[in-house]
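Number of protein chains: 2
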Amino acid sequence: MTHHDDAVAAFTQLLGANGVITAAADQERYVRDWAGARLGMPLAVVRPRTTEEVAAVVGYCHRNGICMVAQGGHTGLVKGALPDSRTPEVVISLERMTRIRGLDPLNFSMAVDGGCILEEVKRAAEEADCFFPLSLGAQGSCQIGGNIATNAGGVNVLRYGMMRELVLGLEVVLPDGEIWSGMKALHKDNRGYDLKQLFLGSEGTLGIVTGAVLKLTPRPEQSQTALLAVPSVEAAVRLYALTRRRCSDLLSAFELMPRLCLELAFEAAPQLADPFDEAYPYHVLLELTATGPVDLSGLLEGLLEAGMEHEVVLDGVLASSVAQAGQLWAIRESMVEGQLLRGEHLRTDVSVPISSIAECVEQATAEVAALSPTSQVIAYGHIGDGNLHINVLPPAETPAEALPALFERLERAIFTVVDGFDGSISAEHGIGRSKQAAFLDRLTVTERRLLAGIKAVFDPDDLMGAGRIQPASERSSS
Amino acid sequence: MTHHDDAVAAFTQLLGANGVITAAADQERYVRDWAGARLGMPLAVVRPRTTEEVAAVVGYCHRNGICMVAQGGHTGLVKGALPDSRTPEVVISLERMTRIRGLDPLNFSMAVDGGCILEEVKRAAEEADCFFPLSLGAQGSCQIGGNIATNAGGVNVLRYGMMRELVLGLEVVLPDGEIWSGMKALHKDNRGYDLKQLFLGSEGTLGIVTGAVLKLTPRPEQSQTALLAVPSVEAAVRLYALTRRRCSDLLSAFELMPRLCLELAFEAAPQLADPFDEAYPYHVLLELTATGPVDLSGLLEGLLEAGMEHEVVLDGVLASSVAQAGQLWAIRESMVEGQLLRGEHLRTDVSVPISSIAECVEQATAEVAALSPTSQVIAYGHIGDGNLHINVLPPAETPAEALPALFERLERAIFTVVDGFDGSISAEHGIGRSKQAAFLDRLTVTERRLLAGIKAVFDPDDLMGAGRIQPASERSSS
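In the order they appear, the protein sequences are chains A and B. Counting from 1, one number per residue, gives the positions in the first sequence under the UniProt record's numbering. Counting from 1, one number per residue, gives the positions in the second sequence under the UniProt record's numbering.
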């Protein structure tokens with residue numbers, strides 16, 4: 001028996017035959033991510049049902065020097081969860097760990113397994129008249145453990161924060177197989193270094209999140225959604241400040257979309273109607289939500305008036321029903337699909353100070369135009385977070401083999417613009433493998449030393465998530 | 001010249017004579033904290049004016065194996081900033097680093113020096129029609145760098161989070177004297193391990209915070225303050241849930257105070273009038289704030305009605321002016337002074353799930369009564385954070401020399417009760433030296449290894465803040 005056969009036999013003994021997948025055909029859905037990317041084939045895919053089973057598998061890998069990667073819903077966009085192409089890894093899928101462990105409405109908290117699908121978490125919260133705020137396009141398939149490992153963002157960050165601000169407690173299987181139990185349901189706990197914060201955003205390189213205590217809010221009882229036409233990006237930024245100042249902390253989403261976004265949405269979903277008679281250059285999709293007797297529609301109408309008076313709003317559609325609000329959100333969501341329909345394109349996920357958004361978009365657009373005059377820039381995103389997806393649709397006639405080099409040049413140019421505003425080259429997607437070179441390029445020697453040092457404290461043999469965020473250690477091939 | 005004389009000469013050369021204090025009399029205010037505690041005398045007190053000067057001092061200490069401790073406003077309550085009594089430390093005071101570096105109202109952010117007094121930060125924000133939410137009793141003297149190092153809390157945490165959630169960027173002098181510049185003004189930045197999170201709450205053991213970019217909100221334009229009488233702690237908890245559900249996210253503070261709190265406040269500030277005709281068992285001081293045209297007084301009146309209907313409110317005083325609101329807050333603040341006037345007493349700072357608060361107070365009160373029947377328990381705090389200060393006023397006749405042993409027994413009993421609810425023995429004050437034994441007792445071997453490992457990555461020689469949070473390394477006396 002080879003080393004690998006031994007491992008498969010051990011996993012089968014630990015998890016049962018049903019818990020281990022070795023046939024290449026059955027592994028297919030574990031080796032390809034949402035965007036269609038794939039790298040290598042795993043040593044095996046294992047599907048533990050409990051934290052103890054995760055710990056047993058990880059412990060075995062640790063003792064035997066086997067590399068491993070945790071896998072959630074496979075909706076990440078930086079190739080972090082894909083099994084490696086050089087060193088065979090064990091894929092540890094959390095898909096069978098989907099229990100809601102408990103919900104405490106008086107404490108506004110719920111405890112869940114790491115494999116729970118985000119949408120199920122949100123539904124369970126709603127059934128208890130509560131609300132779990134994390135909202136993103138992939139919520140029907142992403143897992144909460146993955147959301148935690150990648151510190152997920154989405155459309156409600158401006159009000160509720162990223163995943164980091166929505167976690168009260170964590171349970172993590174460490175790279176040596178020990179279970180770290182930090183499942184406290186406390187809103188305040190200030191004891192020394194907060195290990196929880198390190199696991200959040202570590203992309204599975206310091207441990208595997210098997211459970212979490214999440215922070216809930218009361219379920220919003222009313223919401224107001226509007227799609228506003230604005231003359232420029234700069235006007236959208238000024239409208240954001242106005243909205244914050246007029247609507248207290250009741251603003252939940254504030255999404256910028258240029259005209260091209262609407263057109264892409266209509267291409268992907270022809271049943272959607274254009275809510276405007278005119279083609280305006282930019283739009284803002286905003287949502288106010290509240291619990292209790294707040295006059296939300298009055299607030300929104302007042303905002304619209306003030307926006308027109310300040311000449312930052314040209315026109316607007318206020319949703320008069322939940323269905324109509326859904327139609328407006330469908331534009332935002334279909335637009336992502338519309339980009340895919342146009343074929344391969346460059347996606348970025350950058351952030352700058354909110355006050356620099358307009359200038360950043362302008363400069364990035366100019367840089368792209370200089371490099372590739374017939375490419376189309378589509379800059380949309382979360383104004384309240386300073387987070388833009390400055391994407392580029394290449395000219396239709398570009399040969400497929402020329403795309404990678406073109407995208408690399410364009411990405412480099414956009415990142416240089418972002419550097420000029422002291423921005424970030426990864427605002428919410430994380431680093432994984434895709435952003436690693438750009439990430440490392442921007443670190444000092446000291447920063448690299450600190451990151452490597454932290455990794456070594458948790459995983460001295462570099463067996464867990466090796467090669468994500470930081471380069472993998474040199475090792476002899478197995 | 002001794003090793004110490006050399007150091008003083010070097011510091012004088014780096015900072016000028018004005019920047020170094022060696023006379024014991026002049027050092028007095030750097031060796032005694034707000035609560036009057038003192039431990040040892042420092043090797044010297046240094047007062048750098050810039051980040052570069054901090055780096056130069058730290059670099060010298062690093063090269064010469066000299067211990068150092070950063071010092072802010074000296075308002076911490078866990079003896080973290082006091083110079084050590086065994087190994088002479090250099091006290092690095094940030095008191096001359098008080099620049100507001102810049103404020104960006106469109107980005108809702110401001111950059112400040114680490115030595116800025118919290119109240120000055122709040123004032124500067126207000127001058128730009130913005131708001132920095134951190135609010136605590138010591139805000140007139142605590143420094144923002146200290147607030148960051150200790151991840152400070154206060155009365156507005158339920159709405160705005162602890163210091164951790166109010167920091168966008170940091171500048172830190174590392175224990176080897178290198179300057180780590182993470183002064184980005186980004187609301188979203190998701191690049192690998194977030195070093196910033198490690199410095200937050202590390203109590204000066206991983207680096208010295210010399211600058212920060214803080215997150216602002218729009219300045220509240222209106223507020224409503226009320227002091228409500230409630231029949232029990234359990235009713236206060238139910239009232240909290242009701243308030244969250246009726247007042248959207250406009251609730252800024254929700255403070256529990258038993259009757260004894262009011263009496264202590266009136267002892268400390270006899271000019272304060274008792275707003276009630278009757279002596280009720282418990283009170284809630286709550287505040288709603290908003291920007292924009294929200295009918296806040298309508299919300300509060302509705303809440304009061306609903307509270308009475310649900311029998312969780314017995315009586316209430318709504319402040320009809322800013323001055324009257326100030327009077328109600330003065331009760332909350334004078335109560336702390338009132339405890340001091342009663343002499344030495346046991347202070348704790350614990351948290352439990354909000355839903356366990358009532359039972360926790362009941363059990364803790366019973367435990368104290370069993371150990372010391374004539375002691376008075378005073379349990380007050382931040383309901384929305386599950387954070388209670390369960391303090392104990394000992395019998396007046398207790399001899400001073402008997403107090404430490406009594407407090408130790410009582411604290412141990414209260415902490416055991418808190419453990420029963422899977423709570424925290426330090427919700428907001430941190431660990432420092434005072435909480436270290438109780439903190440370490442509750443860690444697993446793995447947790448101790450991880451914390452020591454992290455410290456060693458940043459400060460392998462254990463020269464910075466040694467002995468805070470974790471025990472100091474063994475070293476030969478200098």
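These aren't lab readings, by the way, just hints derived from the structure by calculation. One thing to keep in mind: the hints can contain errors.
One copy or two, it doesn't matter: identical chains are merged, so the pair holds either way.
Taking lysine to aspartate or glutamate and the DMTMM-like style, the derived pairs with C-alpha atoms no more than 20 Å apart in a straight line are [what the hints assert, rightly or not]:
{"#": "1", "residue 1": "Lys122", "residue 2": "Glu397"}
{"#": "2", "residue 1": "Lys215", "residue 2": "Glu165"}
{"#": "3", "residue 1": "Lys215", "residue 2": "Asp422"}
Given the structure is predicted, the values throughout are model-derived calculations rather than measurements.
Tell me, in ascending order, the numbers of any earlier hints that this structure violates. Of the numbered hints given earlier, the structure breaks just one, which is hint 1.
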